[in-house]
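Peer 1: If you read the sequences in order, they're chains A and B.
Numbering that gives the first Met the number 0 numbers the first residue of the first sequence as 0 and each following residue consecutively.
Numbering that gives the first Met the number 0 numbers the first residue of the second sequence as 0 and each following residue consecutively.
Be aware that a few hints might be false.
[Stated by the list, open to error] Below 20 Å or equal to it, Euclidean Cα-Cα: the simulated SDA-like pairs (lysine to any residue) are:
id, chain 1, residue 1, chain 2, residue 2
1, A, K151, B, K8
2, A, K285, B, R91
3, B, K8, A, K285
4, A, K186, B, A56
5, A, K186, B, R91
[What the hints assert, rightly or not] Simulated coverage check for chain A against chain B, where a stretch passes if three residues somewhere in it have a Cβ under 8 Å from a Cβ of chain B:
id, segment
6, 85-98
7, 316-328
8, 367-380
In case anyone wonders, no lab produced these hints; they're calculated from the structure.
Values in this document were obtained by computation on a predicted structure and should not be read as measured data.
Idealized CB from N, CA, C, for every residue including glycine.
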Amino acid sequence: MSQTEFKPVLLGRVGRPDSQSLASYRADGGYEALAKALKMANTEVIDVVKNSGLRGRGGAGFPTGLKWTFLPKDVNGPIYLCINGDESEPGTFNNRVLIEEDPHQVLEGIVISSFATRSTTAYFYLRYEYGRCYRTLQKAVDEMYANNLLGKNILGSGYDLDIYLHRGACAYICGEETGLIESLEGKRAWPRIKPPFPAIEGAFRRPTVVNNVETMACIPHILKHGTEWFQSMGIPKDPNNPRDAGSYGPKLYCISGHVNKPGLVELPMGITARDLIDKHGGGVWKGRQAKAVIPGGLSMGFMTNAELDTPLDFNGPGRVGCLGLGTAAVVVIDDHTSMVDVLYNACRFFAHESCGQCTPCREGTAWSTKILERIRDGRGKLSDIDLLLEIANSIGTIPGTTICGLADGAAWPIKTGINKFRGEFEEYIKSGRRSQSHALAGAH
Amino acid sequence: MSELSDNAKQTIAEHLPRYPSKQAVTLPALHVVQQERGCVSNKAMEEIAAILELSPAQIHDTASFYGFFRTEDNPLGQKRIWVCRSLPCMLRGGEELLAALCEKYGIAPGETTPDGKLTIELAECLGACDGAPCILLEDELHLRCSLEDVERIANEPSPPTRKV
Ligand SMILES: Cc1cc2nc3c(=O)[nH]c(=O)nc-3n(C[C@H](O)[C@H](O)[C@H](O)COP(=O)(O)O)c2cc1C
Ligand code: SF4
Ligand code: FES
């Protein structure tokens with residue numbers, strides 16, 4: 000399917016009058032997929048999702064159906080589904096738009112996924128800042144209870160499910176799946192050492208699946224239109240790489256930073272960063288050029304202008320030395336911006352958000368920030384550049400030095416920023432220049 | 000006298016059946032108390048702990064992990080405005096906006112104006128980078144904000160306000 004004939008799927012109802020209401024969702028065929036799924040065996044639903052090739056949209060790209068099969072076969076007692084709506088990766092806002100504009104699409108995906116995973120309670124963990132999402136979701140959930148789409152004996156199927164909204168408290172680490180679980184349990188959001196993985200021992204020490212909001216939104220469409228339809232979009236498996244699971248389906252791309260039209264667009268997976276910026280983001284603002292582009296949220300690192308023809312599928316960013324597709328949040332940085340300021344901002348973010356459990360992460364993120372502060376203050380040394388690289392290469396290896404992926408994510412902006420823009424850092428340090436940026440001194 | 004309002008107690012009671020452990024009601028309880036009072040006092044933590052059958056230290060441990068909750072010696076003003084300073088907002092003036100706002104009100108991020116009306120916070124990515132620079136008023140996002148926009152929002156007499 001070419002990019003031009005693509006009709007939005009996940010954003011298909013955005014802008015329709017009253018798009019949040021159950022009545023309008025149903026008028027557009029909403030909850031037909033649920034009715035269909037409830038007539039199937041739960042394992043059949045898992046097979047459909049598995050065969051579709053859907054990979055999680057929360058950042059790691061793990062195959063969704065496969066994750067569901069990790070739940071133990073014979074379980075006495077509850078299984079939980081946790082929806083990850085903590086969305087805090089800088090550049091990322093697709094969950095917010097999905098929930099605000101079309102909450103029932105997400106909720107239908109949750110009911111189907113709960114049924115497939117034999118969960119009878121789903122916790123929707125939502126970052127606190129999304130107050131409007133919270134109220135929109137609560138209203139939608141209430142409508143569902145009133146219409147036999149939640150609660151006991153859903154649509155006469157004999158299946159029972161409750162969905163509870165659980166609000167976070169402004170911490171990025173609650174997006175990491177075991178940090179989320181700890182936070183849900185009422186504790187500090189300290190990620191857990193894995194294994195055991197959540198499928199075996201998750202929320203309340205019970206088998207648990209954690210899935211992203213966009214992943215949930217894909218589910219009803221897969222049930223309705225089938226796996227072939229889903230695989231007609233995107234980039235197929237690489238035949239030379241037996242471990243590649245392909246990049247199928249529609250994807251939401253968040254565009255922000257120095258473009259004329261920041262916003263959310265939906266396209267088949269695999270558009271190039273350049274086309275995304277020029278055709279969908281209105282081009283780089285002020286007639287400037289892009290100096291660096293983040294392909295999928297801050298933790299993925301930077302691509303250079305010369306790398307912009309990279310396709311944004313699960314494999315593309317990795318081929319140009321970035322961590323991966325991440326959340327497909329594309330942040331554009333123009334050629335008037337100092338990479339020293341950009342990297343400082345990135346390091347400060349991770350230092351601020353590190354939960355502090357693991358020494359390499361806690362110390363490494365704090366020291367990289369301090370070194371960049373010194374460089375920005377005109378007191379940097381050329382040796383600081385390699386020191387930053389050494390920190391980046393040491394802090395984030397899992398399994399090994401840290402419990403979760405935050406440290407690894409913190410390392411990629413440093414690695415790619417310095418390796419790809421080294422000359423700019425050297426020149427900055429040699430000139431003894433001080434930053435023009437207004438970052439409040441000491442405000443960590 | 001009880002530190003928790005009837006509303007807070009009722010919210011906690013409503014949440015209890017939703018979870019297999021009482022401890023899971025910690026965040027909902029902290030939220031309702033702070034929303035009403037602008038902080039979570041030590042006494043409130045003790046009372047929450049009693050209802051959830053935990054030690055007050057467990058409530059404090061969780062509350063203090065999230066920079067979100069305020070202690071009684073550092074309560075929120077009537078309005079809390081967060082200004083985003085993460086990269087996509089920084090690229091479009093977020094840090095300048097935060098600095099200008101702080102200068103305008105004569106306070107640093109995290110502080111409250113002496114009249115108790117406004118608390119300014121720095122935020123990391125608020126999930127609204129399409130509207131950079133953006134701010135959060137309590138739990139409502141406001142996109143594409145100039146200094147004038149934020150001042151207008153800060154001066155609006157309307158709720159949300161807290162009894163402080
Ligand atoms: C530091 C960190 C933060 C994360 N934040 C989020 C997040 O905000 N939302 C999300 O869905 N996944 C986030 N993840 C990924 C989750 O751990 C998990 O992989 C994901 O929720 C699984 O859902 P999916 O398979 O549907 O993608 C984060 C991971 C790390 C290491
Ligand atoms: S890697 Fe960092 S954020 Fe993750 S658990 Fe360790 S200290 Fe916490
Ligand atoms: S960086 Fe400000 S909302 Fe994302």
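Peer 1: Could you run down the list of hints and mark each one as holding or not?
Peer 2: Each hint, compared with the structure:
Simply put, K151 of chain A and K8 of chain B have alpha-carbon atoms about 28 Å apart, too far for the 20 Å limit, and the pair is violated. In summary, the hint linking K285 of chain A to R91 of chain B is supported, as the alpha carbons are separated by about 12 Å, within the 20 Å threshold. Among the hinted pairs, K8 of chain B with K285 of chain A is inconsistent with the structure: their alpha-carbon atoms are about 55 Å apart, more than 20 Å. With a C-alpha separation of about 11 Å, the suggested pairing of K186 of chain A with A56 of chain B holds against the 20 Å cut-off.
Among the hinted pairs, K186 of chain A with R91 of chain B is inconsistent with the structure: their alpha-carbon atoms are about 36 Å apart, more than 20 Å. Judged by the Cβ-Cβ criterion of 8 Å, the segment 85-98 of chain A is covered by chain B as claimed, because 9 of its residues qualify and three suffice. With 1 residues bearing a CB less than 8 Å from a CB of chain B, the segment 316-328 of chain A misses the requirement of three and the coverage assertion fails. For the segment 367-380 of chain A, the proposed coverage by chain B is not satisfied: 0 residues have a C-beta within less than 8 Å of a C-beta in that chain, short of the threshold of three.
Violated hints, in rising order: 1, 3, 5, 7, 8; the structure is consistent with all others.
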